[in-house]
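Enquirer: Sequence:
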Amino acid sequence: MKSMYYVYSLKCKDGYYLGCTDNLKDRIKRHQKGQVIATSKRLPINLMFYFAIEDKYKAFQFEKYLKSGSGRAFIKKHFLKFLCTQIQAKI
Numbered sequence: 083m084k085s086m087y088y089v090y091s092l093k094c095k096d097g098y099y100l101g102c103t104d105n106l107k108d109r110i111k112r113h114q115k116g117q118v119i120a121t122s123k124r125l126p127i128n129l130m131f132y133f134a135i136e137d138k139y140k141a142f143q144f145e146k147y148l149k150s151g152s153g154r155a156f157i158k159k160h161f162l163k164f165l166c167t168q169i170q171a172k173i
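If you read the sequence shown in my numbering, its first letter stands for residue 83, the second for the next number, and so on.
Just so you know, the hints here were simulated from the structure itself, not pulled from any lab data.
Predicted model, so just to flag it, every value in this text is computed and none were measured.
Where is the CB? At the ideal position from N, CA and C, for every residue including glycine.
One thing to keep in mind: the hints can contain errors.
Below, computed lysine-lysine pairings styled on DSS-like, alpha-carbon distance capped at 30 Å [what the hints assert, rightly or not]: (1) 138 x 111; (2) 140 x 107; (3) 140 x 159; (4) 123 x 107; (5) 93 x 138; (6) 111 x 84; (7) 159 x 146; (8) 95 x 84; (9) 146 x 95; (10) 123 x 146; (11) 159 x 95; (12) 159 x 93; (13) 123 x 84; (14) 140 x 93; (15) 111 x 95; (16) 115 x 158; (17) 123 x 158; (18) 107 x 146; (19) 149 x 159; (20) 107 x 159.
Label-pair ranges, simulated between beta-carbon atoms [to be verified]: (21) 116 x 84: 16 to 22 Å; (22) 159 x 119: 15 to 21 Å; (23) 95 x 138: 28 to 34 Å; (24) 122 x 152: 25 to 31 Å; (25) 133 x 111: 17 to 23 Å.
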């Protein structure tokens, strides 16, 4: 069985965080406990979305793209709009 790598986005109290890991459940728990320096002062956090990718190199390249200007625009256009629509539909 191949290892999976996860590119994920968290909603933090002051914005968003993008990361990449090979163990998503453990990484989210570490974020929630304040054990990740980048988000420890930005709690609470919520998982917004993630991508599962088999190739480690491609996963880190995708994370790098999502952190770029065009990648942030891609997220804003395709994911944040969709997520906001889904949340409003539940209200």
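Enquirer: Each hint needs a verdict: does it hold in this structure or not?
Expert: Hints and how they fare:
For the proposed pair residue 138 and residue 111, the alpha carbon gap of about 21 Å is at most 30 Å, so the pair holds. Between residue 140 and residue 107, the direct Cα distance comes to roughly 20 Å. Compliance with the 30 Å bound is thereby established for this hinted pair. In summary, the hint linking residue 140 to residue 159 is supported, as the alpha carbons are separated by about 22 Å, within the 30 Å threshold. Annotation: proposed proximity of residue 123 to residue 107 holds, straight-line Cα distance about 20 Å (limit 30 Å).
Distance check on the hinted pair: residue 93 and residue 138 sit about 24 Å apart at the alpha-carbon level, within 30 Å; holds. Between the alpha carbons of residue 111 and residue 84 the distance comes to roughly 23 Å, so the proposed pair stays at or under 30 Å and holds. Restraint check: the Cα-Cα separation between residue 159 and residue 146 comes to about 18 Å, which is no more than 30 Å; the hinted pair holds. In summary, the hint linking residue 95 to residue 84 is not supported, as the alpha carbons are separated by about 35 Å, beyond the 30 Å threshold.
For the proposed pair residue 146 and residue 95, the alpha carbon gap of about 22 Å is at most 30 Å, so the pair holds. Only pairs whose Cα atoms come within 30 Å are accepted, and residue 123 paired with residue 146 is accepted, the gap being roughly 23 Å. For the given pair, residue 159 sits about 21 Å from residue 95 by alpha-carbon distance, which is consistent with the 30 Å threshold. Annotation: proposed proximity of residue 159 to residue 93 holds, straight-line Cα distance about 16 Å (limit 30 Å).
Between residue 123 and residue 84 the CA atoms are separated by roughly 34 Å; this puts the pair beyond 30 Å, and the hint is violated. Note on residue 140 and residue 93: the hinted pairing holds, with a Cα-Cα distance of about 23 Å set against a maximum of 30 Å. About 17 Å separates the Cα atoms of residue 111 and residue 95, which keeps this hinted pair within 30 Å; it holds. Our distance criterion of 30 Å between C-alpha atoms is met by residue 115 and residue 158, whose separation comes to about 27 Å.
The straight-line distance between the Cα atoms of residue 123 and residue 158 is roughly 24 Å, inside the 30 Å bound, and the hint therefore holds. For the suggested pair residue 107 and residue 146, the alpha carbons sit about 21 Å apart, so the restraint of at most 30 Å is met. Taking the CA atoms of residue 149 and residue 159, the gap is about 14 Å. The hint holds against a cut of 30 Å. This hinted pair checks out: residue 107 and residue 159 have alpha carbons roughly 27 Å apart, not beyond 30 Å.
Taken as a hint, the range 16 to 22 Å is violated for the pair residue 116 and residue 84, whose Cβ atoms sit roughly 32 Å apart. Remark: the range hint 15 to 21 Å for residue 159 to residue 119 is contradicted by a beta-carbon distance near 30 Å. As the Cβ distance of residue 95 to residue 138 is approximately 30 Å, the hint placing it in 28 to 34 Å holds. Between residue 122 and residue 152, the C-beta spacing of about 29 Å keeps the proposed range 25 to 31 Å intact.
Our hint of 17 to 23 Å for residue 133 and residue 111 holds, since their Cβ atoms are close to 19 Å apart.
The structure does not agree with the numbered hints 8, 13, 21, 22 stated previously, though it agrees with the rest.
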